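Number of protein chains: 2
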Amino acid sequence: MKRPMVECVPNFSEGRRPEVVQEIADAIRSVPGVRLLDQSSDVNHNRSVLTFVGEPMAVKDAAFRAISRAAELIDMEKHQGEHPRIGAADVVPFVPVRGVTIDDCVELARRLGQEVADKLHIPVYLYEEAATSEDRRNLANIRRGEYEGLKNEISLPERHPDFGMPVMHPTAGATVIGARNYLIAYNINLNTSDISVAKKIARRVRASSGGLMYVKALGIMLEDRNLAQVSMNLTNFEKTPIHVVFNLVKTEAERYGVSIVSSEIIGLVPMNALLEAAGYYLRLESFSGKQVLEAGIWDE
Amino acid sequence: MKRPMVECVPNFSEGRRPEVVQEIADAIRSVPGVRLLDQSSDVNHNRSVLTFVGEPMAVKDAAFRAISRAAELIDMEKHQGEHPRIGAADVVPFVPVRGVTIDDCVELARRLGQEVADKLHIPVYLYEEAATSEDRRNLANIRRGEYEGLKNEISLPERHPDFGMPVMHPTAGATVIGARNYLIAYNINLNTSDISVAKKIARRVRASSGGLMYVKALGIMLEDRNLAQVSMNLTNFEKTPIHVVFNLVKTEAERYGVSIVSSEIIGLVPMNALLEAAGYYLRLESFSGKQVLEAGIWDE
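In order, the protein sequence lines correspond to chains A and B. Residue numbers for the first sequence follow my numbering, so the first one is 1 and each next one is one higher. Residue numbers for the second sequence follow my numbering, so the first one is 1 and each next one is one higher.
Excised from the complex, chain A in its bound form (with noise of 0.2 Å):
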């Protein structure tokens, strides 16, 4: 039985000071069965994101005690930086890794809201899969005039949060907390240098010209080694599964003569998209991710 398996990806309102993102990732780390598995920081956006992973519950501890920290280290009055950003613990998505749905981390991001709300005194608002309402599905309208501007304009009803007084923490400021799918940064190298091929590839791809429904696509060029790019977000894993995309962008591709010379996952992956990847162009049957050794070793 494989345990079930929540990341979390928070971005915090700090990005010069090491000593205090170190500080925020020992909170993560204090609690058992949680893992952090990177973390970066940016000087010019004054921000950091941390991504760590565990069963939901400790998940959901972790980034309780890391929002907890944050509001303790980071003062929103004194903070500046280009990045848009409301509060310390400006935004923290959980994503389902393994054995949860989506519907189980969106409970998540309540429990934690609620729960941030109550002891920490720190507004939340809940965005995509959580969303209460749907202009907050997107964290731009969430964040719109930033830090300074929400403090004026909390007490509004359409701003009011959802979780906790219509008033902003006098230094922590307020909190986005919410549900969304991972995301696997997957790119597609093409053998020509015409970017127009990869622009038209990526149009035919992409939902939002018509195209796969969890798919963001961009043509770009690759200079340094002359060749064009189709450089995508899947947002769906299972639904819009990494061998489909390729698959389309292979056929779209014969259209021009072109052909695909390689492809790049960047960042990490969860092993499903590969299995899944695997199996299909196996022609596999009744194959089941317990079979994978290490799998079973891992998890027992």
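All the given hints hold, so there is nothing to weed out.
If chains are identical, the list can't say which one is meant, so a pair holds when it fits in one copy or spans any two.
Cross-link-like lysine to aspartate or glutamate pairs, in silico, EDC-like; alpha carbons within 16 Å at most: (1) Lys-290 <-> Glu-264; (2) Lys-290 <-> Asp-38; (3) Lys-151 <-> Asp-75; (4) Lys-119 <-> Glu-72.
Treat the hints as calculated values from the structure; they're not laboratory data. None of the values given here were measured: they were computed from a predicted structure.
Given the structure of chain A, go ahead and fit chain B onto it with the hints provided.
Chain B alone, transformed into the frame defined by chain A:
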């Protein structure tokens, strides 16, 4: 950094007394970091196979404890069963899974052999990749005459063990220890009920008749589905990857106007064997197993 991992699949001469098999399983589980993945007993063979994994030294220790426990609980003087055997712990192969070479497993086999001979006074033979001479690579040669025959012949120079005195242990007999590569049981189903097609393809892909180096293959009939199947063992998935086998069977089948209905992996498979297939078909460049989310988690 991934921790190195070795698999051990010892065979014990006891398949009728579950409580004895349980005691041996408990001995394996008593070593921290070792995971028992599978155990299966055959009453007719009067034999059990246990599968466990972990870091090399932990796996060696667990194998020693299991051999020791089996020597206490199994009396070869009373053992009867259909399967050839020479000892209580009959055969003990080490298999590289990850971050370990076959040579590391040979070294492990030698160290365990020395220990078993020194501390338990059981004579030990080395086989397959750990063999000290060409004729001892083959298990059947070492087991010739079985327990009863070897008892008489062990004093002959050509049958002397690799470790220990040339005298059988009074109850535990002798043990064969070695190293081999991971074996994947892989079958491909064809859309024909003509078994001769499966047999012809099997001859083409297997090493013994000029095919792929690390493939054993047979053509068989799945009576219940009325399908012919190429049933294979892949004995080195790194040197002869699954997708190479799949593609060759597909190409050969085309010659007979036959196509592949599906394929199946029986039992466990190392994650890398499937990542390799996904990477091949998706033409992934610079992809590393470290990018698999779960691998990062489990290995920290």
